[in-house]
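**Student:** Residues per chain, in single letters:
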Amino acid sequence: MAEDAILGFLEKNEKIADSGKFASNIGIDHNEIVNVIKSLHGFRLVDAEDIKREKWVLTDEGKSYTVAGSPEVQLFLAVPPEGISREELQKKVDPSVYKIGCSQAIKNKWLEMGKAQVSRKVQQVEDQVKDLLLRIQDGEVHAVDQGDIDALKKRKLIALQTWKSYSLTKGPNYAPKRKKVATDLTREHLQRGDWKDLEFKEYNFSAKGQPAEGGHLHPLLKVRKQLQMIFLQMGFEEMPTNNFVESSFWNFDALFQPQQHPARDSHDTFFLQVPSTTKKLPEDYVERVKRVHESGGYGSRGYGYDWKREEANKNLLRTHTTAVSSRMLYLLAQKPFAPKKYFSIDRVFRNEAVDRTHLAEFHQIEGLVCDRGLTLGDLIGVLHDFFSRLGMSKLRFKPAYNPYTEPSMEIFSYHEGFKKWVEIGNSGMFRPEMLLPMGLPEDVRVIAWGLSLERPTMILYGIDNIRDLFGHKVDLSLIKRNPICRLGVD
Amino acid sequence: MPTVSVGRDRLFAALGKNYTQEEFEELCFDFGIELDDVTTEKAIIRKEKHLEEETEEDEEVIYKIEVPANRYDLLCLEGLVQALRIFIGIDEIPKYTVSNIPSESMLKMHVKPETSLIRPFIVCAVLRGITFDEVRYNSFIDLQDRLHQNICRRRTLVAIGTHDLDTIQAPFTYEALPPYEINFVPLKQVKSFRADQLMEFYKSDLKLKKFLHIIESSPVFPVIYDCNRTVLSLPPIINGAHSAISLKTKNVFIECTATDLTKAKIVLNTMVTMFSVYCERKFHVEPVEVVYSDGKSSVYPDLSVFSLEVPLSYITGSIGASLEVSSLLNKMQLRAEKSVSRDGNSIVVSVPPTRSDVLHACDVMEDVAIAYGFNKIPKTKPASLKPIALNQISDLLRLEIAMNGFTEVLTWILCSYKENFSMLNRKDDKSTAVIIGNPRSSDFEIVRTSLMPGILKTVGHNKDHPKPIKIFEVGDVAVLDEAKDVGAKNQRHLAALYCGANSGFELIHCLVDRIMEVVGTPFVPIGDNSGYYIKRSDEPEFLLGRQANIIFRGNHIGTFGIVNPEVLIIFDIPDPCSFVELNIESLWS
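Chains as they are written, first to last, in the UniProt record's numbering: chain S, 1 to 490; chain H, 1 to 589.
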């Protein structure tokens, strides 16, 4: 109705100068008119310009005086012509009326307020305040002069209210009757068959669509999946790594890592209070490990120290997945030899201070090949194969030290973005002092490499604080936003 | 694969043994053919006419046997019986002989040069002193049909004509003439047709009309005459009525015209080897000389054996077992002798004319393996990868849960002692948790026994994230286990949480049902151990009255419920949450 009124009026007239007046002329609430204007403006049927408007309205106090009269008049009327005592007068009127009425009546010189007695100074008064208020209430502000307005305002009987109205002209899409525009195609449209006549409201393509409600996988585990695929494509078999608690024996001793090695310090390794020690180890193998540490054998001089079983029995949280590799190689050695290619990607633990790039736990990627007559050339070849599948084809190798590999090589890759060589992992051939006590044939060699899962993921997704990637402080929005992992795809 | 229909009783009589159907199927399986269908003549007719009648007792049972597409010698009862009798070791390999006939008394087929315009090749042979009966006769006709259907490619490559030799007179001529010059009475007709009219006539013949296209548009038609200008046949369409064979026929003249000489020879060899068994002199075939106009001539059939030298190591190396090769090959109609040319490590295999399928040593090797029995060969396993079931299932479940609208989080395995126990309103009974002896900070005092603290911490740190929050984690916890060498083991858990304006309890309940559904476990009444059921629980970390245990095949594997508001306050979470955690290691087995 309001819409018809506006569009109809504009059909015959150039302009609606003031929507407020227009509303009161046609007897429709202005708020309703404003809603219609906003909608018509949105579809550009009308152009609307804001008019800021002000209006004097009565305060609650002002409103009450339009009924009861101003307090000064109330007070004046309460004073009989013969006068009255203050106490009596106070009893006759409301305390606020008494208070305000007194000051105004005195100001108007209507009453004589003696110490005990109150008496009239004039015989009759006009309630001008009430008249003014009524006039303002009726919208006849123009009939009230500025001095009165200021006085009423000062007495807080009226207040200025600002409100918005609009001046309206025809918009570019003006039509005397609005064509119904649709925002969506509905089942009803199809059932009625009126979809052919539909005009669609213009869609805002500069805004994004609604947020999706689907689930999301964690970026680190997406990368893990792709790495698993790469290993499988290269013919590697996954090792079972679901054992966080490990003995020092499998984590260190079996790897020919001496018991005084700094990595075995409590500064680097989480040792356990419960369960504190391992109860079962393969005794004959333990004996061979002890001997190779103490006095060597298999062509080695050994480390020449007193190997202590108690050290080997100490439980810890595995510091590397190579602990699992040593178990797997030991099992392999107990059967007729068959070559194997193993991999794992799982959690390891280091008792280190946490910072932007270090956590107390992270994921280690490990690959190893166990076969007769493997060479350093095989290791370099398999590393090139593996890393080029990750998009790193420019590699070089730096000699390094690792207690259980010899030779040991740090793997560097040239980062095209950083324009420099960055370390991406470690590799080497397991020492005979590790393999031969297990019982592997003498010509069997094992080449292996390892790296963290977090580092390539951080580079891949442009994350520079590891705590933004992994752990409970990660922003869920980041998990939801991250793209698919295409490692090993292109 | 071609199918050969043979009467069961006749087959068993010829094999000299009454097999049960299972026994016969077993024999077929080992030999590499298959009993496709068991039916009766009348049943076939009924099926064709779409009739439904009761089976009669006395109907002859027919075996439909599927044979390999390259074994033309198995397309008739005679060949099947011969191959199987030799395979089961009751017959020797037959030796086929081309009768020694002086050139001048040999039957001759003269080929006119015009034949090269339409169908250039012809090969012929004679079966002398054959004895037909109805069964043999039908088999003889059926074999021609099957050869026509298979190797002859519906007569385009080769067409067979068989004639009663005593009704015609050599020498014969193979000519190509304009259709209007050819006149004869075709088989099954009484009046004489001119060849072009005959073609018109056969356009309405259901069986023959599909062969007309082979010569129809040619200006000359191939035709075979005897010396009296009697038409033997108009290949590849029809024979003349005059020379038609019957049950009484004693001497059969066989001619095969062709566009492919090699296949023509195979077809002729198959016909004569299969049916020379019924000749007076068993396995003897009389040759025919085919003489070309340029004076060149060839004598057919060529029943010479093809010799193939095969290293024993190739055979045993390919099969992967050391076998008695010679005797095994004999079962497959292949004669084998030790080679003299090499140091005794090779065999010379004589491939008879019936075995045109043998092209290479690999065919010989296959026959050795068949004769030995595929299912007796010791198995060796090539290197292969075995996935870890736990990780595979975990990944599949992760995908399913993400598909249910949950977002994956990855939290730390280490946490503080408080977070694992008192903050969850749980008491430590000292029987579960792995405790670290030298933690650098209180964040790393213990290995989590539940995924709950990590998940709740994640919600606490994501207060500003739009609600609802739906997150999950699949990961390992560790628990003490005396049975393990190190005294502890990992356990794979799954946890999911809903946090929003309301608790989302029903959503979490629904997720539990969904997990069970994708694992393939039915929802069962309480107390039934064949599936899963949900039972009210009383765990301190959940709200009383809105929590339940998940019982899977009788075992309590997890709990879900509205998180106890006291716990929420401790983890600084202002909104209600529902949470489920279960051990997924027991979900499959």
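There may be inaccurate statements among the hints.
[Claimed, not checked] Here are the simulated EDC-like cross-link-like pairs (lysine to aspartate or glutamate), alpha carbons at most 16 Å apart as the crow flies:
| hint | chain 1 | residue 1 | chain 2 | residue 2 |
| --- | --- | --- | --- | --- |
| 1 | S | Lys280 | H | Asp443 |
| 2 | H | Lys467 | S | Asp18 |
| 3 | S | Lys473 | H | Asp443 |
| 4 | S | Lys225 | H | Asp343 |
| 5 | S | Lys279 | H | Asp481 |
| 6 | S | Lys280 | H | Glu400 |
| 7 | S | Lys55 | S | Asp18 |
| 8 | H | Lys47 | H | Asp37 |
| 9 | S | Lys279 | H | Glu482 |
| 10 | S | Lys480 | H | Glu482 |
| 11 | S | Lys279 | H | Asp485 |
| 12 | S | Lys473 | H | Glu482 |
| 13 | H | Lys467 | S | Asp475 |
| 14 | S | Lys280 | H | Asp485 |
| 15 | H | Lys418 | H | Asp395 |
[Stated by the list, open to error] Covered stretches of chain S (chain H as the covering partner; in silico rule of three or more C-beta atoms under 8 Å from a C-beta of chain H):
| hint | segment |
| --- | --- |
| 16 | 390 to 401 |
| 17 | 475 to 483 |
FYI, nobody ran anything at the bench for these hints, they're computed from the structure. Every residue gets a Cβ at the ideal spot worked out from N, C-alpha and C, and that includes glycine.
**Student:** The structure should be examined with respect to each hint, and the outcome stated for every one.
**Tutor:** Evaluated hints:
1. Lys280(S) <-> Asp443(H): Distance of about 30 Å is beyond 16 Å: violated.
2. Lys467(H) <-> Asp18(S): violated, 44 Å
3. Lys473(S) <-> Asp443(H): holds, 13 Å
4. Lys225(S) <-> Asp343(H): violated, 56 Å
5. Lys279(S) <-> Asp481(H): holds, 12 Å
6. Lys280(S) <-> Glu400(H): violated, 39 Å
7. Lys55(S) <-> Asp18(S): holds, 14 Å
8. Lys47(H) <-> Asp37(H): holds, 14 Å
9. Lys279(S) <-> Glu482(H): Within the cut-off at roughly 9 Å; holds.
10. Lys480(S) <-> Glu482(H): violated, 41 Å
11. Lys279(S) <-> Asp485(H): Within the cut-off at roughly 6 Å; holds.
12. Lys473(S) <-> Glu482(H): violated, 35 Å
13. Lys467(H) <-> Asp475(S): holds, 14 Å
14. Lys280(S) <-> Asp485(H): holds, 5 Å
15. Lys418(H) <-> Asp395(H): Distance ~31 Å between Lys418(H) and Asp395(H) Cα, so the pair is violated.
16. 390 to 401: Since 0 is below three, the answer is violated.
17. 475 to 483: holds (count 5)
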